[in-house]
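Q: Sequence:
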Amino acid sequence: GDTFTINLTSDVDGGFHIHGYDILNDVETEKPLSFTFVANATGKYDMVFHKFTGEGQQDHGDMAKDDEHGDMETVLGSIEVFPN
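Start counting the sequence shown at 2; every next residue gets the next number (the working numbering).
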């Protein structure tokens, strides 16, 4: 039931998503993004950035992978929510 506020900026356009939550925010280059949500799902959830890479792009490290849609997903961290 805790409230979280996340603030981020990016060098590229994309999307920010928290697995396990119905949260997806568009991220614009160099435009600060701030959003608040209530942590109400117990468990550990990755926070990821999605960047459309187009065809012919390669992975850029262990924490990034291309999915079948040409979307690069980079894990930025995670949140862990415990029951009260």
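Just so you know, these hints were derived from the structure itself, not from any lab.
Honestly, I wouldn't trust all of these hints.
[Claimed, not checked] Cβ-Cβ distance ranges computed for the label pairs, FRET-style:
(1) Glu31 to Phe83: 29 to 39 Å
(2) Asn8 to Phe83: 19 to 29 Å
(3) Phe83 to Lys32: 26 to 36 Å
(4) Pro84 to Glu31: 17 to 27 Å
(5) Asp47 to Asp3: 15 to 25 Å
(6) Asn85 to Asp14: 34 to 44 Å
(7) Asn85 to Ile24: 12 to 22 Å
(8) Ser35 to Ser79: 32 to 42 Å
[Stated by the list, open to error] Listed below are the simulated SDA-like cross-link pairs for lysine to any residue, each with C-alpha atoms no more than 25 Å apart in a straight line:
(9) Lys32 to Thr10
(10) Lys45 to Gly21
(11) Lys32 to Thr6
For each residue, glycine too, the CB sits at the ideal point set by N, CA and C.
Q: If a hint holds in the structure, say so; if it does not, say that too.
A: Evaluation of the provided hints:
no.: 1; hint: Glu31 to Phe83: 29 to 39 Å; in the structure: holds, 35 Å
no.: 2; hint: Asn8 to Phe83: 19 to 29 Å; in the structure: holds, 23 Å
no.: 3; hint: Phe83 to Lys32: 26 to 36 Å; in the structure: holds, 33 Å
no.: 4; hint: Pro84 to Glu31: 17 to 27 Å; in the structure: violated, 39 Å
no.: 5; hint: Asp47 to Asp3: 15 to 25 Å; in the structure: holds, 18 Å
no.: 6; hint: Asn85 to Asp14: 34 to 44 Å; in the structure: holds, 38 Å
no.: 7; hint: Asn85 to Ile24: 12 to 22 Å; in the structure: holds, 21 Å
no.: 8; hint: Ser35 to Ser79: 32 to 42 Å; in the structure: violated, 20 Å
no.: 9; hint: Lys32 to Thr10; in the structure: holds, 6 Å
no.: 10; hint: Lys45 to Gly21; in the structure: holds, 9 Å
no.: 11; hint: Lys32 to Thr6; in the structure: holds, 16 Å
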